Amino acid sequence: MSNKIRLRFPPSPTGKIHVGNMRTALFNWLVAKKKGGELVLRIEDTDQARSTKEFEDIIIREMDWLGLDADEGVGIGGEYGPYRQTERLDIYQKYAEQLLESGYAYKCYCTQAELEDMRAKAKANDKMPRYDGSCRNLTEAEQKEFEAAGRTPVLRFKLPAEEKDVVVEDMIRGNMTFSTSVLDDFIIFKSDGMPTYNFAVVIDDALMKITHVIRGEDHISNTPKQILIYKALGFELPKFAHLPLILDENKAKLKKRGKDSVYIGEFREQGYLPEALFNFMALLGWSTGDEEEILSKDEIMARFEIADVNKSGAVFDREKLNWMNGKYIRAAELDRIVELSIPFLIEANLVSEAEITSQHDHLARIIDEVRTNVDYLAQIPAEAELFLTERSFDNPAEAAAEFAGEDVKLVFSTLKQKLYAKDQLTNETVGEIFKELKKELDVGGRTIYHPTRLAITGKGSGPEMTSVISIFGADEVAKRLDSALEMAK
RNA sequence: GCCCUCAUCGUCUAGGGGUCUAGGACACCAGGUUUUCAUCCUGGCGGCAGGGGUUCGAAUCCCCUUGAGGGUGCCA
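Numbering (full-length UniProt numbering), first residue to last: 1 to 489.
Heads up, some of the hints might be wrong.
[As the list claims (entries may be wrong)] Below, simulated DSS-like cross-link-like pairs (lysine-lysine); rule was C-alpha separation at most 27 Å, straight line:
hint: 1; residue 1: Lys416; residue 2: Lys35
hint: 2; residue 1: Lys190; residue 2: Lys121
hint: 3; residue 1: Lys94; residue 2: Lys123
hint: 4; residue 1: Lys158; residue 2: Lys255
[Stated by the list, open to error] FRET-style restraints, in silico, Cβ to Cβ:
hint: 5; residue 1: Leu233; residue 2: Gln270; range: 27 to 37 Å
hint: 6; residue 1: Asp335; residue 2: Gly431; range: 19 to 29 Å
hint: 7; residue 1: Gln359; residue 2: Asn3; range: 55 to 65 Å
hint: 8; residue 1: Glu79; residue 2: Gln359; range: 47 to 57 Å
hint: 9; residue 1: Glu147; residue 2: Ser312; range: 45 to 55 Å
hint: 10; residue 1: Ala252; residue 2: Gly133; range: 30 to 40 Å
hint: 11; residue 1: Gln98; residue 2: Lys121; range: 28 to 38 Å
hint: 12; residue 1: Gly234; residue 2: Asn137; range: 38 to 48 Å
hint: 13; residue 1: Ser392; residue 2: Gln359; range: 15 to 25 Å
hint: 14; residue 1: Ala252; residue 2: Gln143; range: 40 to 50 Å
hint: 15; residue 1: Gln270; residue 2: Ser179; range: 42 to 52 Å
hint: 16; residue 1: Gln143; residue 2: Glu305; range: 28 to 38 Å
hint: 17; residue 1: Lys409; residue 2: Thr372; range: 41 to 51 Å
Since the hints were derived computationally from the structure, they do not count as laboratory data.
A quick note: this is a predicted structure, and the numbers were derived from the prediction, not measured.
Each residue gets a CB set at the ideal place from its N, CA and C atoms; glycine is no exception.
Construct the entire structure; sequences and hints are all you get.
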């Protein structure tokens, strides 16, 4: 047995994983890896109505994409398994039994309707909804009676009379005190035979030897209940840290089944780079304190301290993510960006599957040119289109008028001639051509550039002319120049 | 309602009694580079929620108010 620290990421597979959950995974990963500890991936699937294998697969796939590798857990294995809660029922039952025997739990036969009634009444009287404890001291005869009536009991945790205040020590927030008077005899086993969240986490975290529990702020009020269970079972308490929430544009908690696409998969599909999302998520609720915000995984890991995490919620700012992702796209190896961009090009019907090998260098040249224009790779086709399709004018009549302008003919013919005079067209050589053109011809710069751009690309703006021309090559440029002149007639 | 938490530019944040006429990043605006767009560079706009204390001195400490968020489930 080592004294390695052990952390866990325990999502429930009840929806597609989004940045809120993933940021929690990220911080756990950071703390674990930084200190040479272990990260456990546990699947909390006790909500039978909503949990699906599909969502579980998505969680694993997206963690993998971001490089958040667990050391142990679902899909990996380990000595503290199984790691899916539905496969640990016998374990929960055993501890529930123990609680029942030691008097820390009791069976409750109240129906959902009765409980709802109780809640409604409490609300009407401006009281906090608390279970009234009606089943707390049922005799065996009474219990038999309920069972005979076909009622299936739940198990409730009996609040220990000796506990007055429960103090949660939090690595980020310091101490938080809860009076047991605001707690009630909460359910630990549902009538469907499943443990509740508050019960299962404690058993699992204790048995899996978790040393640090880092989770969202939305779990703060669960913590005192869990601490009571730890104590009742004689388990050692882990350290807790509650992260500030990631908020939507309305400053509300991100919803797992919400409408806004903050799902990790959507970022992947839109061509965000994992290291950009990683970097961005790390900066939600945490910062290095200095001015550089583009940080590698290693830098983040080296500088991350859980105690430095903020206490207040952070709004998810897509604009800033876009900026950061664009930075990463421009800084990345071209080959990688090309590989990642090709599917988008195929999807947009700009190239065929068959062409990608023969056209590879040409595509790479184009992608390299247009990457400066995009925030994410799904935007590549729109930018690359003009290089991969026939020319089309937004406004043919206006273009024709432009081509009919004074000196245009001269500019085009001189340009053509110079293009063929070079044995190679690169940004540099094309740049020289334009310099010569300006010097030799007595025309304004606008008369050179604007009609030329319009003739070649059909658009009024776009990538630099030197790139445009060197990408198209002399023949294609000449062809387009000629046909532009035809339009002017 | 009750419990808990939080509170610096529109957003993400630095700041932990004097060096703060509050620093950076995104966004926005302007200028430069590119005779275009974008990239890139420079500059600008913009904030300590309010009120009381404590102190020689408060963005920083305390209290109250206000606001926001979370919880209040046989969801996790």
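Hints and how they fare:
The straight-line distance between the Cα atoms of Lys416 and Lys35 is roughly 64 Å, outside the 27 Å bound, and the hint therefore fails. Of the pairs offered as hints, the one joining Lys190 and Lys121 holds, with about 23 Å between alpha carbons and a cut-off of 27 Å not exceeded. At roughly 36 Å between alpha-carbon atoms, Lys94 and Lys123 are farther apart than 27 Å, so this suggested pair is violated. As the CA atoms of Lys158 and Lys255 are separated by approximately 32 Å, the hinted pair breaks the 27 Å bound.
The hinted window of 27 to 37 Å between Leu233 and Gln270 is violated, with their beta carbons roughly 46 Å apart. For Asp335 paired with Gly431, a C-beta distance near 26 Å keeps the hint of 19 to 29 Å intact. At roughly 57 Å, the beta-carbon separation of Gln359 and Asn3 lies within the given 55 to 65 Å, and the hint holds. The hinted window of 47 to 57 Å between Glu79 and Gln359 holds, with their beta carbons roughly 52 Å apart.
In this structure the supplied range 45 to 55 Å holds for Glu147 paired with Ser312, their Cβ-Cβ distance being about 50 Å. Restraint check, Ala252 to Gly133: a C-beta distance of roughly 34 Å satisfies the suggested window 30 to 40 Å. Checked against the given bound of 28 to 38 Å, the beta carbons of Gln98 and Lys121, roughly 34 Å apart, stay inside it. Judged by the Cβ atoms, the range 38 to 48 Å given for Gly234 and Asn137 is violated: they are separated by roughly 25 Å.
Our hint of 15 to 25 Å for Ser392 and Gln359 holds, since their Cβ atoms are close to 21 Å apart. At roughly 43 Å, the beta carbons of Ala252 and Gln143 sit within the given window of 40 to 50 Å. Distance hint check for Gln270 and Ser179: the Cβ-Cβ separation is about 48 Å, which falls inside the suggested range of 42 to 52 Å. Between Gln143 and Glu305 the beta carbon distance is about 52 Å. The supplied range of 28 to 38 Å is therefore violated.
Between Lys409 and Thr372 the CB atoms are about 33 Å apart, so this pair departs from the stated range of 41 to 51 Å.
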